[in-house]
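**Student:** If you want the building blocks of each chain, they are given just below.
There are 2 protein chains.
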Amino acid sequence: MYSKYENIRKIKLYIASSIDGYIASLDGSLDWLSNHPITPELNYGYDKFFESVNTVIMGGKTYRDILNMDVIYPYESKMSYIITRNQINSSKENIHFITDNIIGTISNLKKEQRKDIWLVGGGELISILLNNDLIDEMIITYIPTLLGEGVPLFPKSKKESNWKLINSQSYDNGVLTIEYQRIV
Amino acid sequence: MYSKYENIRKIKLYIASSIDGYIASLDGSLDWLSNHPITPELNYGYDKFFESVNTVIMGGKTYRDILNMDVIYPYESKMSYIITRNQINSSKENIHFITDNIIGTISNLKKEQRKDIWLVGGGELISILLNNDLIDEMIITYIPTLLGEGVPLFPKSKKESNWKLINSQSYDNGVLTIEYQRIV
Chain A
1 MYSKYENIRK
11 IKLYIASSID
21 GYIASLDGSL
31 DWLSNHPITP
41 ELNYGYDKFF
51 ESVNTVIMGG
61 KTYRDILNMD
71 VIYPYESKMS
81 YIITRNQINS
91 SKENIHFITD
101 NIIGTISNLK
111 KEQRKDIWLV
121 GGGELISILL
131 NNDLIDEMII
141 TYIPTLLGEG
151 VPLFPKSKKE
161 SNWKLINSQS
171 YDNGVLTIEY
181 QRIV
Chain B
1 MYSKYENIRK
11 IKLYIASSID
21 GYIASLDGSL
31 DWLSNHPITP
41 ELNYGYDKFF
51 ESVNTVIMGG
61 KTYRDILNMD
71 VIYPYESKMS
81 YIITRNQINS
91 SKENIHFITD
101 NIIGTISNLK
111 KEQRKDIWLV
121 GGGELISILL
131 NNDLIDEMII
141 TYIPTLLGEG
151 VPLFPKSKKE
161 SNWKLINSQS
171 YDNGVLTIEY
181 QRIV
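If you're matching them up, the sequences are chains A and B in order. So in the numbering used here the end of the first sequence lands on 184, straight run, no missing numbers. So in the numbering used here the end of the second sequence lands on 184, straight run, no missing numbers.
Among the clues, some could well be false.
Here's a subset of chain A near chain B, in silico, CB distances under 7 Å, partners left out [stated by the list, open to error]:
| # | residue |
| --- | --- |
| 1 | D20 |
| 2 | D65 |
| 3 | R85 |
| 4 | P144 |
| 5 | K158 |
| 6 | S161 |
| 7 | N162 |
| 8 | K164 |
Here are the simulated PhoX-like cross-link-like pairs (lysine-lysine), alpha carbons at most 25 Å apart as the crow flies [stated by the list, open to error]:
| # | chain 1 | residue 1 | chain 2 | residue 2 |
| --- | --- | --- | --- | --- |
| 9 | B | K159 | A | K156 |
| 10 | B | K110 | B | K61 |
| 11 | A | K159 | B | K156 |
| 12 | B | K61 | A | K158 |
Since the hints were derived computationally from the structure, they do not count as laboratory data. Where is the CB? At the ideal position from N, CA and C, for every residue including glycine.
All chains should be built: construct the whole structure from the sequences, respecting the hints.
**Tutor:** Structure follows, in structure tokens:
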């Protein structure tokens, strides 16, 4: 849905995490998620969320990890912005690469009047945006697993922030979805 | 309540955590919790939980941190077991120090027929007990704050484990309590 009543579209972190805060195995793999797949019957609010955004942003490593998976790029219907130190070749017209002025470019994206923006990951980009108060909502789907080690959802940071709990939803299979809104 | 229907009393981790999984500031301080104190009106299930245990176990650092706080030792009515590398002097008859055979001693505690055992912390002891499948339940009270850095609730480990979501309870002030049970 459009953010009709606000001037600024939101950046929403929407991501799956283990109980202990890992978003991927050490090698970037998401195999541990396969016990709790998103299906038409059990989508943990994914379809509704997917409709609410028309743009995705993600780090270069996350983008390369997706390309290395044996799947069709899942965000073809959205405008993609890949934040990366190294330009990656792509002939896709709706995929843009941002190599410098990250904060300025993303801040400008927020000023456009459109549907919201999905922050796909990974941890490094999440950290950069958190440190610049650029994440408006976090919708975290907690899988009932302790991974022990992996790629952290929230890398260490000097920045503290407070959040408002908007919603939490538990599922019979132990998955728990939690929504937080940044307190401005 | 007594674990009437099972032979083994449970070890329950009951602890407050930031959204990003820290249980204390880097210096061990719990000052960041002061915005969400436990009061008679809002105790996040603390009173009921406190009644369900008659024993607490904690690491030596957690014990010393508590002694350094300007409070009366909060577990005087329980039997305390402090797991520590260095013997600490105490004249209290219901405080015991475990300096070796940690796993054996704690495993034996579980076999006694009594109320449950509260694992108070900290991260290092949590990790040791997780690695030995000695934690039966985790009741985590999530404070709606990103701390950025601190003492981790779940230190890195090689051990993966799966959990059953038993309950989740949200409060108007944004606190969220989540209960997990180990899948055996």
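**Student:** If a hint holds in the structure, say so; if it does not, say that too.
**Tutor:** Against the structure, the hints:
no.	hint	result
1	D20	holds (4 Å)
2	D65	violated (20 Å)
3	R85	violated (23 Å)
4	P144	holds (4 Å)
5	K158	holds (6 Å)
6	S161	holds (5 Å)
7	N162	holds (5 Å)
8	K164	holds (6 Å)
9	K159(B) <-> K156(A)	holds (22 Å)
10	K110(B) <-> K61(B)	holds (23 Å)
11	K159(A) <-> K156(B)	holds (22 Å)
12	K61(B) <-> K158(A)	holds (24 Å)
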